[in-house]
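Participant: One letter stands for each residue in the lines below.
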Amino acid sequence: MMEITDQLVAVGATTLVVVLTVPVCLAVLRMIVGPGFADRFIALDMLTALAVAVAALTSVSTGRREFLDVALGVALIGFVATCAIAAFLERKGRER
Amino acid sequence: MILDLLAVVLGLAGVAFLVLAAVGVLRFPDPLQRMHASTKAGSVGAVLVLLSAMLAHATFEGVIVGGLAVLFLLLTLPVAAHLLGRAVYVSGTPLVGLRDDPLEDELERQPAPLEERILPAPLDGIGDTPDEGGHGDEPPREPISTGSR
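Quick mapping for you: the protein sequence lines, in order, are chains A and B. For the first sequence, the numbering used here assigns the number 722 to the initial residue and increments by one for each residue that follows. For the second sequence, the numbering used here assigns the number 17 to the initial residue and increments by one for each residue that follows.
Mixed in with the good hints, there may be bad ones.
[Stated by the list, open to error] SDA-like mimics (lysine to any residue), calculated; alpha carbons at most 25 Å apart, straight line:
hint: 1; chain 1: A; residue 1: 813; chain 2: B; residue 2: 135
hint: 2; chain 1: A; residue 1: 813; chain 2: B; residue 2: 95
hint: 3; chain 1: A; residue 1: 813; chain 2: B; residue 2: 123
hint: 4; chain 1: A; residue 1: 813; chain 2: B; residue 2: 114
hint: 5; chain 1: B; residue 1: 56; chain 2: B; residue 2: 98
hint: 6; chain 1: B; residue 1: 56; chain 2: A; residue 2: 752
hint: 7; chain 1: B; residue 1: 56; chain 2: B; residue 2: 90
hint: 8; chain 1: B; residue 1: 56; chain 2: A; residue 2: 779
hint: 9; chain 1: A; residue 1: 813; chain 2: B; residue 2: 132
hint: 10; chain 1: A; residue 1: 813; chain 2: B; residue 2: 133
hint: 11; chain 1: B; residue 1: 56; chain 2: A; residue 2: 808
hint: 12; chain 1: B; residue 1: 56; chain 2: A; residue 2: 746
hint: 13; chain 1: A; residue 1: 813; chain 2: B; residue 2: 101
hint: 14; chain 1: A; residue 1: 813; chain 2: B; residue 2: 46
hint: 15; chain 1: B; residue 1: 56; chain 2: A; residue 2: 794
hint: 16; chain 1: A; residue 1: 813; chain 2: B; residue 2: 125
hint: 17; chain 1: B; residue 1: 56; chain 2: A; residue 2: 798
[As the list claims (entries may be wrong)] Derived Cβ-Cβ restraints for the label pairs, each shown as a range:
hint: 18; chain 1: B; residue 1: 74; chain 2: A; residue 2: 750; range: 36 to 46 Å
hint: 19; chain 1: B; residue 1: 56; chain 2: A; residue 2: 746; range: 14 to 24 Å
hint: 20; chain 1: A; residue 1: 756; chain 2: B; residue 2: 21; range: 38 to 48 Å
hint: 21; chain 1: A; residue 1: 736; chain 2: B; residue 2: 133; range: 44 to 54 Å
hint: 22; chain 1: B; residue 1: 83; chain 2: A; residue 2: 801; range: 14 to 24 Å
hint: 23; chain 1: A; residue 1: 755; chain 2: B; residue 2: 114; range: 17 to 27 Å
hint: 24; chain 1: A; residue 1: 728; chain 2: B; residue 2: 112; range: 41 to 51 Å
hint: 25; chain 1: B; residue 1: 39; chain 2: A; residue 2: 756; range: 12 to 22 Å
Worth flagging that the hints you see were computed from the coordinates, not collected in a lab. These numbers come from a predicted model, not from an experiment. Heads up, the beta-carbon is just placed ideally off N, CA and C, and yes, glycines get one too.
Given only the sequences and the hints, what does the whole structure look like? Please build it.
Facilitator: See the structure below:
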């Protein structure tokens, strides 16, 4: 009984990973279209949130706990990246 | 059993939030409105999916690591969103929804967006050949305006 529900949850998580390709495609489309730097950076922010979600769902569908560590690392890198990009956008090319 | 059901429900809700956030990022007209979709709905979606993974694992380590990830996301996503939104405003990105600007006296705003300030060449005139030296007294070029927005 337990194995059946575990397998059902794993299959559901795999399905959700497949569903998550849709928002990934939408965010990538926004990153390609632009039109400015700001839009591309916002799309990158969205993609890191999606990457965290995909890592968490992968940890469910494969049953490996290590993918939760991956989610934590992606969240950390995404935070640092967004801060650096915001500093770039704010300070670069400033007229004094 | 009930934990698994709850995990599936939370995962579905989180993925729904993420899909709606991505639709908002694609369809809203200006960068701050896109951030409104991506930061709020996106962080709720990621946190719900992480909670669902914690419930599906239901082991000590999984709950600890997942809880750390949720805590970290909830602490850092507002900070990152604040920094990025401030940078969007300060860098002079055109904002459609900005009618009367309440931050006019508070923050210094650049007149043109960053890509127009640091990218050298206009993309409009790629095709035509420059005839240098033919007539030396050409008027100076018009200020660059990208026609893409």
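Participant: So, for every hint listed, does it hold in this structure?
Facilitator: Hint by hint, here is what the structure shows:
1. A:813 / B:135: holds (12 Å)
2. A:813 / B:95: Satisfied, since the Cα-Cα distance of roughly 20 Å is no more than 25 Å.
3. A:813 / B:123: holds (16 Å)
4. A:813 / B:114: holds (23 Å)
5. B:56 / B:98: holds (12 Å)
6. B:56 / A:752: holds (19 Å)
7. B:56 / B:90: At roughly 11 Å apart (the allowed maximum being 25 Å), residue 90 (chain B) and residue 56 (chain B) satisfy the hint.
8. B:56 / A:779: holds (23 Å)
9. A:813 / B:132: holds (12 Å)
10. A:813 / B:133: holds (9 Å)
11. B:56 / A:808: holds (21 Å)
12. B:56 / A:746: Roughly 19 Å separates the two Cα atoms, so the pair holds.
13. A:813 / B:101: holds (16 Å)
14. A:813 / B:46: holds (21 Å)
15. B:56 / A:794: holds (21 Å)
16. A:813 / B:125: holds (13 Å)
17. B:56 / A:798: holds (19 Å)
18. B:74 / A:750: 36 to 46 Å: For residue 750 (chain A) against residue 74 (chain B), whose Cβ atoms are near 37 Å apart, the range 36 to 46 Å holds.
19. B:56 / A:746: 14 to 24 Å: holds (21 Å)
20. A:756 / B:21: 38 to 48 Å: Given range 38 to 48 Å: holds, Cβ gap about 44 Å.
21. A:736 / B:133: 44 to 54 Å: At roughly 46 Å between Cβ atoms, residue 133 (chain B) and residue 736 (chain A) fall inside 44 to 54 Å, so the hint holds.
22. B:83 / A:801: 14 to 24 Å: holds (21 Å)
23. A:755 / B:114: 17 to 27 Å: Holds, since residue 755 (chain A) and residue 114 (chain B) (Cβ atoms, about 19 Å apart) stay within the stated range.
24. A:728 / B:112: 41 to 51 Å: For residue 728 (chain A) and residue 112 (chain B) the Cβ distance comes to about 49 Å; the hint holds.
25. B:39 / A:756: 12 to 22 Å: Once the Cβ atoms are compared, 18 Å apart, the range 12 to 22 Å for residue 756 (chain A) and residue 39 (chain B) holds.
Comparing the model with each numbered hint stated earlier shows that all of them hold.
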